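All chains should be modelled from the sequences, with the hints used to inform the complete structure.
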Amino acid sequence: MFDLATIPRPPEGCDSYPESTNQDRQPSLPHFATPEFVSFGSLGDGGDVGRLVPAPELGRPDHPVALANGHQPGVTLIGADTRTGLEFMLSWALRRWRADPVPEPPAWRDADVWLAQNRWRIDARAKDRSLVDRLAAELGVRPDPDRIFPGSSWERTTVRKDTEFDIVFDPPEGWRHEPGADGIGVHAPADAYADRRPVVADHPLLEPELVAASCSLDAGHPATALLALKDTFVNGPSCYFADLKPLWKRAYRDLGRPEYADRLDLMTPYYQVPCPCPTPH
Numbered sequence: 603m604f605d606l607a608t609i610p611r612p613p614e615g616c617d618s619y620p621e622s623t624n625q626d627r628q629p630s631l632p633h634f635a636t637p638e639f640v641s642f643g644s645l646g647d648g649g650d651v652g653r654l655v656p657a658p659e660l661g662r663p664d665h666p667v668a669l670a671n672g673h674q675p676g677v678t679l680i681g682a683d684t685r686t687g688l689e690f691m692l693s694w695a696l697r698r699w700r701a702d703p704v705p706e707p708p709a710w711r712d713a714d715v716w717l718a719q720n721r722w723r724i725d726a727r728a729k730d731r732s733l734v735d736r737l738a739a740e741l742g743v744r745p746d747p748d749r750i751f752p753g754s755s756w757e758r759t760t761v762r763k764d765t766e767f768d769i770v771f772d773p774p775e776g777w778r779h780e781p782g783a784d785g786i787g788v789h790a791p792a793d794a795y796a797d798r799r800p801v802v803a804d805h806p807l808l809e810p811e812l813v814a815a816s817c818s819l820d821a822g823h824p825a826t827a828l829l830a831l832k833d834t835f836v837n838g839p840s841c842y843f844a845d846l847k848p849l850w851k852r853a854y855r856d857l858g859r860p861e862y863a864d865r866l867d868l869m870t871p872y873y874q875v876p877c878p879c880p881t882p883h
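The sequence shown begins at 603 in my numbering and counts up one residue at a time.
Just so you know, these hints were derived from the structure itself, not from any lab. Source: prediction; values computed, not measured. Idealized CB from N, CA, C, for every residue including glycine. Incorrect hints may have been included.
Simulated crosslink set (SDA-like; lysine to any residue; CA at most 25 Å straight-line) [to be verified]:
#	residue 1	residue 2
1	K851	D867
2	K847	P658
3	K847	D820
4	K729	P752
5	K851	Y872
6	K847	G858
Simulated DEER-style distance windows between Cβ atoms [stated by the list, open to error]:
#	residue 1	residue 2	range
7	A718	A739	30 to 38 Å
8	E706	L807	57 to 65 Å
9	D735	R799	44 to 52 Å
10	P781	R727	39 to 47 Å
11	W756	Q674	17 to 25 Å
12	G742	D772	37 to 45 Å
13	Q874	D772	35 to 43 Å
14	P848	P876	42 to 50 Å
15	L741	D764	32 to 40 Å
So this is what it looks like as C-alpha cells:
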C-alpha cells in the first residue's frame, strides 16, 4: 500500500522481519523538498507524505500534512493534521486498486487452473484490503477512493494541487509567516524579518543572492535570509545547493532550529550534480 518514511526500531526484546539496516532508520527527505517538510510515509512512486513544520520550536502537537511528489519543487496540501494525511494514504491505496483490479479468469482459460495459478495475487489483495480496514478502524478514519481533500484533487490516481488553496500556519502574536517558492515559506518572529521581503528572480544569479542573504544574517534578520535562500534554491539550478548550504545552515541556527541545519545534510546527495552554469561557482 505504502511505506513508512523511516522504519522504527522494534521494542526491546523483539526482532523485526525483514531485518532493517541503520540506513533504513535514518530520517528521509524527498527530492526537491526543504527541511520543513517532515515525511512520515512514502507512496513508493517518488512521492512522500509529511507534516509541514515551519517552526518546530513552537512545540505544536500536530501540523498540516502535504504531499511532496519528488519530481518538482512545492508541496500539495492534503490535510489539516496527521490523521487526515493517513486517511489520504489509505484512500490513495483504494483508488490505485480500483484502477488496477485483480483480473478474473479469461473466457478461454480453464477457470480452476487460472485460479490456482493466480491465487497468490487474489489472496495478497484480500490481505491488503483487510489491513486497510483494520488501520482505518484503529485510526478512526473513513478512507474512500473518491474522497476529495481540501488543497488537492484527483486525476485518475495522480494528485493535483489546488493552486487557489493557501496553506495557513496561524502565527502566534508577534510572529509572521511569509509564503515561499517551496510552498512552505518561513514562519518566524516578526523581528527576525527585515522591513522588505526579498525578491528572487525565476533564474537568479547566485552571487548577488549569497551577498544579500549574508547581509540579512549580519543585520539580525535570519528569517528574511532564510526566505531568500530557499527561494533561490527552488528557482535556481541544483548546482547552487552547495553554495547556499552554509548560509542556509546559519539561518536555521540563528532562528534556533539546529535540527533543520542538520537536515540539510540529508539533501546533499541529491544535489551533487554537474554544473551547467556558464561561470564557475
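Quick rundown of the hints versus the structure:
no.: 1; hint: K851 / D867; result: 10 Å, holds
no.: 2; hint: K847 / P658; result: 20 Å, holds
no.: 3; hint: K847 / D820; result: 16 Å, holds
no.: 4; hint: K729 / P752; result: 30 Å, violated
no.: 5; hint: K851 / Y872; result: 17 Å, holds
no.: 6; hint: K847 / G858; result: 17 Å, holds
no.: 7; hint: A718 / A739: 30 to 38 Å; result: 33 Å, holds
no.: 8; hint: E706 / L807: 57 to 65 Å; result: 60 Å, holds
no.: 9; hint: D735 / R799: 44 to 52 Å; result: 48 Å, holds
no.: 10; hint: P781 / R727: 39 to 47 Å; result: 42 Å, holds
no.: 11; hint: W756 / Q674: 17 to 25 Å; result: 18 Å, holds
no.: 12; hint: G742 / D772: 37 to 45 Å; result: 24 Å, violated
no.: 13; hint: Q874 / D772: 35 to 43 Å; result: 37 Å, holds
no.: 14; hint: P848 / P876: 42 to 50 Å; result: 21 Å, violated
no.: 15; hint: L741 / D764: 32 to 40 Å; result: 24 Å, violated
Checked against the numbered hints above, the structure violates hints 4, 12, 14, 15; every other hint is satisfied.
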